[in-house]
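So the protein sequences, as listed, match chains S and G.
Just add 17 to wherever you are in the first sequence, counting from 1, and you've got this note's numbering.
Just add 412 to wherever you are in the second sequence, counting from 1, and you've got this note's numbering.
A couple of the hints might just be wrong.
[Claimed, not checked] One side of the interface only, derived from the structure: several residues of chain S facing chain G at Cβ under 8 Å:
| hint | residue |
| --- | --- |
| 1 | Val72 |
| 2 | Thr75 |
| 3 | Ala195 |
| 4 | His217 |
| 5 | Leu219 |
| 6 | Ala249 |
| 7 | Gly253 |
| 8 | Ala261 |
| 9 | Ala262 |
Everything labelled a hint here was simulated from the structure, so no lab data went into it.
Yeah, the Cβ is synthetic: ideal placement off N, Cα and C, and Gly gets one too.
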Amino acid sequence: MTEPFLSVRDLVVSYGDFRAVDGVSFDIDKGQTLAVVGESGCGKSTIARALVRLVTPTSGQIVLDGTDIAQLGEKQLRPLRHRVQMVFQDPYGSLDPHLTAEKIVAEPMRDRSRADRHAEAARLLDLVGLPTSALDRRPAEFSGGQRQRIGIARALATSPDLLVLDEATSALDVSVQAQVLALLADLQRERGLTYLFISHNLGVVKQISDRIVVMRAGRLVETGSTADVLHAPTEGYTRALRKAALDPTTMRGRKPRDVVRQLQGAPA
Amino acid sequence: MVFPIPHDSTPILEVTDLQVELVTADRVVRAVDGVSFRISRGETVTIIGESGSGKSTTAMGVLQLLPHDLAVLSGSVKVGGVDLLVDTDAARRIRGRMVSLIPQDPMTALSPVHSVGKQLTGAVRLAGHPRGKARARAVELLEAVRIPRPEEQLDKYPHQLSGGMLQRVLIAIALAGHPVLLVADEPTSALDVTVQAGILDLLLELQERTGIGILMITHDLGVARLVSDRIHVMKDGRFVESGDAEQVVEHPREEYTQRLLAAVPQLGTFDEDTPVEVPA
């Protein structure tokens, strides 16, 4: 039996006395997508920050391809950092407005020659479906979907194995979201990337993930294959989330208030 | 308590050939390009569209909340038969009284330095209630939006309440002037799904009880399908498709609507889902 590519064991992240993540464990196999779902404050973004080591976990293990990175110092992390990259939610706030698209994508490749960086940035922007005219333009000149493509190209610049996507399509219109999800699926197939996909949107999660972790108040509520958890959720909280996700195609009749009425008294 | 809206043959809102031109630094943009729709008592009409479609500009045009020096409106916007584009003074008279706005982001819509009670009683007093009765009326309104222990909540500040509670407070403020029409601009986009469900249920219940008309602005087809009698699909300032909620979602005629629907990731049914029938 092969080891999972990423194995998180009993992860605890505290901010002062507050346990944002409280004893969470999960695995992701290479080339697979694990979705972490939950509502505001459930700890899903803190998991993302711990995986890219923007925060140091209070306790627990984050074993990446055999190395526990949970407590490594900055120096020991440096050679590993390129392997895990993050794509952020806000395509407006996560790109430096002063830099051109090319510079944004080339920035993580500072150890390479200038010509090399230029060629690679152009290749990556092409890979994510942006025209060559995009190279010299700045973030303000792009739409939200195009900016998210730039963010993905930047994340790919270090040839990572694992992408941590924190609500990466939540700020996008549905048609643009569909394009970005298709791009992510293509990239995964071509490059064998592993994704940790954080989202509050169960429809998106159903489309993109193999397995799912449902979180609430820092704890893992339910986990399993995406198909099983979404089709037959066993926990009350997962069922409430499932019920509250409004799928227009399953509603019948005019103003079917029953769809939401049953949720009164659901977990606060 | 919240008063029922009287039955009347005049539509609550009747918008005819509305055009909105926005003046920017270097050009004039026609953000809304000739839209017409009406809302009668007890009806919810939804304008759905993607960013930049003109849906929010339409709502702000109806409320006359666009800056006068930067927005040029034409056509007609009749509230209870009075054309706000002709009688410009009427807009000020009806806003907050006959027509109220429920804003998008409840976390930033209230003043952080005043208590919920002060902001709610302010709206109550604007609606003509005397100072002595304002607090009692505020409690009534918080009860109407199903906020538990309303007396206690009045003394709290916005940061002490959750997003869902704040949105309920904003709905209470919107109801203070006995409006006949609520304009809800993405009222649940900033909220978690379980909280969204509670707010949408509240809006549906208020409408069942009072017959209040609702103009809903959303990008979310699930929300639109749930709350609407009629849906207008907006793109580039125009309605590309209009129809009953069921028709637009189940049998969209226009290619744009079909593509929009196809782009929504489908969740399908789950093991306890049974098709919901509307009681006759």
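Verification of the supplied hints:
Below 8 Å, beta-carbon pairs count as interface contacts, and valine 72 of chain S has none with chain G, the closest being about 23 Å; its hint is therefore violated. Hint status for threonine 75 of chain S: violated, given a least beta-carbon distance of 26 Å to chain G, over 8 Å. With a cut of 8 Å, the hint placing alanine 195 of chain S at the interface with chain G holds, because the nearest CB-to-CB distance is about 4 Å. At about 7 Å, the closest approach between the beta carbon of histidine 217 of chain S and any beta carbon in chain G falls short of 8 Å, and the interface hint on this residue holds.
For leucine 219 of chain S, the suggested interface contact is upheld, since its CB lies about 6 Å from the closest CB of chain G, less than 8 Å. Taking 8 Å as the C-beta cut-off, the interface hint given for alanine 249 of chain S holds, the closest approach to chain G being about 5 Å. A least Cβ separation of about 11 Å between glycine 253 of chain S and chain G goes past the 8 Å threshold, and the interface hint is therefore violated. Nearest Cβ of chain G to the Cβ of alanine 261 of chain S: about 4 Å, under the 8 Å cut. The hint holds.
Hint on alanine 262 of chain S holds. Least Cβ distance to chain G is approximately 6 Å, under the 8 Å limit.
Hints 1, 2, 7 from the list above are not met by this structure, while the remaining hints are.
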